[in-house]
Amino acid sequence: MEEGEEITFEDAMKRLEEIVETLGEGNLSLEDSLKRFQEGMELCKICNKKLDEAEYKVEKLMEKEGGELSVEGFEVKE
Amino acid sequence: MEKPRKGITLMDFLHSQKDVVEEEKCGVESESGIEIAKIEEKEEKGIEEKETPRIYSVQEVTRYIRQRLDEDEVLRDIYIKGELSNLSQPTSGHLYFTLKDESSELPCVMFREQNRGLKFVPEDGMSVIVRGHISVYERRGKYQLYVDEIQEEGIGALYRAFEQLKKKLKDEGLFDVVYKKLIPSFPRRIGIITSPTSAAIRDMLKITKKRFPHVHILLAPVAVQGEGASSQIVNAIQLMNRYSAEREKIDVLILGRGGGSIEELWAFNEECVAREIFSSPIPVISAVGHETDFTIADFVADKRAATPSEAAELVVPDKREIEKNLSSLELRMRQNVFKAVEYYRKQLKSIEKSVLFRKPTERINQYRQTVDELKRNMVAEITHLVTLQRKSVQALTGKLDALSPLAILERGYSICSKLPEGKIVRSVKEISVGDALKVLFTDGDAISEVKAKSAKKQ
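Which chain is which? The protein sequence lines are A and B, in order.
1217 is the number of the first residue of the first sequence in the numbering used here; add one for each residue after it.
114 is the number of the first residue of the second sequence in the numbering used here; add one for each residue after it.
Be a bit skeptical, because a hint or two may be false.
Stated by the list, open to error - Heads up, simulated DMTMM-like pairs for lysine to aspartate or glutamate below, C-alpha to C-alpha not over 25 angstroms straight-line:
| no. | chain 1 | residue 1 | chain 2 | residue 2 |
| --- | --- | --- | --- | --- |
| 1 | B | K322 | A | E1226 |
| 2 | B | K416 | A | E1226 |
| 3 | B | K194 | B | D261 |
| 4 | A | K1265 | B | E340 |
| 5 | B | K504 | B | D485 |
| 6 | A | K1276 | B | E361 |
| 7 | B | K432 | A | E1233 |
| 8 | B | K452 | A | E1255 |
| 9 | B | K462 | A | E1247 |
| 10 | B | K293 | B | E443 |
| 11 | A | K1280 | A | E1291 |
| 12 | B | K416 | B | D284 |
| 13 | B | K319 | B | E426 |
| 14 | A | K1280 | B | D261 |
| 15 | B | K232 | B | E376 |
| 16 | B | K437 | A | E1291 |
| 17 | B | K432 | A | D1248 |
| 18 | B | K232 | B | E251 |
| 19 | A | K1251 | B | E436 |
| 20 | B | K542 | B | E562 |
| 21 | B | K280 | B | E265 |
| 22 | B | K432 | A | E1247 |
| 23 | B | K432 | A | E1269 |
| 24 | B | K323 | A | E1247 |
| 25 | B | K279 | B | D415 |
| 26 | A | K1273 | B | D316 |
| 27 | B | K459 | A | E1247 |
| 28 | A | K1273 | B | E436 |
| 29 | A | K1265 | B | E443 |
| 30 | B | K437 | A | E1269 |
| 31 | B | K459 | A | D1248 |
| 32 | A | K1251 | A | D1227 |
| 33 | B | K213 | B | E186 |
| 34 | B | K293 | B | E361 |
| 35 | B | K294 | B | D284 |
| 36 | B | K322 | B | E423 |
Read the hints as simulated data drawn from the structure, not as lab findings.
This is chain A alone, in the form it adopts within the complex:
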C-alpha cells in the first residue's frame, strides 16, 4: 500500500470496501486475514483523519490582463 498521505479518500474507501469483502469471503489464511485487517484499520484511521481535517475554502479565480491567473478570497454577500 502507498503511504497514508498519498492515498485519496476515495481510493481509501474503495480499498476498505474491498478488504471487508475479501475478509467476508473467508478464503484467506489467518496471516493474510490479520494483515488485511491491520491494513483496514489503518485505512479507517486515514479516512477518519481526512474527514476531520475540516478545510473549507472558497476563492475567486480570474484572469489578469495579460492572461495571468489570479486567485483571491471570496465572501458571499448576503
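Fit chain B to the given chain A structure using the hints.
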C-alpha cells in the same frame, strides 16, 4: 400541409361503400358506434342489392373526420404562427382564442392544465407561435387547435434556433453517453462558474459547506445573461482548465444559474458554450434553472442537475452518510476478521483433538519407557561385568600371594642376611664365625652371631 395525404373528400367518402365498410371496422370503436354498425350491416344487405348509397348520421361522419385528423402525422404535433384574437377565459380556466393571419383564422383552445404554466399573459394582437394538435370538437362539428404551448414570436425564433442547434449537436454526437466523463464522488476541488452575486452561488456554497466541508471551491465569476455572457462562460471554462493543468487539479466544474425565461437562459444554449463544455477535460455538471428548463448545456454536460442546489448536493457526498458508511465498514471488517480467527481457532482445536495429533505423544512416551528399560539393562550389565572382573582380580591376587616370599616365612622358613650389607646368605661358605646375621621371620627379625659353622660333605 407539408405532407398532403391522398385525401378522401366527404363526397368520396359517402359514395364509396367498400371504403366505408373497411373504415368502419378499424375506425369506429365506441360502443354506440359498433351497435350502429351492426344494425346497419343488416340493413345494408337489403340496400346493397338496390345499390342505394349508405346514409350516415351526423355524429358518425363527425367522428370519422375527427379520427382522420387525429391520425394525421402533421396535425398531431404542429407549430403555428399567428396573431391572437378573441381571447376569452371563462371561469373554467380554459383559454379560448382565435389564431389568425391576413387570410385565415384558426379557433384554438388551451385547457387550464396547460395554460397554468404560461410565462406571460396573452393579449389580443400578440404575435405568437403555438404548439398543439388539431382535432374536432364534435358537438359543434368544428375543427380547432388544442394548444399545449404558446410562445411569443420573438421567443419562437429562439425556440427554433434551440431545436436546430440541439439537432445539429446531437447528430455530431456531442450528447453521446460514451463521451460523458465520470463525476468523481469525493472531489477535493470544485470549480463553479456562475454569477458571484446570485442566489445560485449562495445556495451552492451553503449546501456544499453543510454536506462536506472539506472542499476547495473556486468561483469563476461570469455574467449568466445578456451581452457577452456566453463568451465569458467559455473563457471561464478555459480558465478553470488552465488552473487545473498549471496549479492544482480541479475535479469537477459546475456551470449554472437560477431559472429564467428562454431569453435569460440563452447563453446556455449557445453553440460556443456547448462546444467548450464538450471539450473541457474537467467533467462538467450543468445546473441551469428550475426543474423543467432544459438547455443545450444540459444535454452536452457530463451530468445535468435540475437546479444549482441539486448540483451542489450531487457534487459533494454527505459527510454524515460517509461517516456512517465508514463505521459500518469498520464494524463489518471487525466481524469478518473475528470470524476468520474463530474459524482457525476451531480448526486448531479439532486438530489438537484428533488421533493424528495425539499419537506422536504416545509414541514418545513409549520410547521414553524403552529408553528407561535399556538404561536399566545397561546398568545391570555393567554391574555384572564389574563383579566378574573384580573376582578374577581377587583370584590373581591370591595366586600372587602364594608366590610371595613372605608366605614362605609363614610356613616356618626364615631368611638370613649378612650384616652390614644385608646380602641374603645362600651358602655356609659365605659366612665366617663372628659374622652378624639378620634373621627374618614372618612376624619380625633378630640379629645373631655365628658361633660355629660346618659345611655338608658333598
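Hint by hint, work out which the structure violates, then give me just those numbers in ascending order. 4, 5, 10, 14, 16, 17, 18, 22, 24
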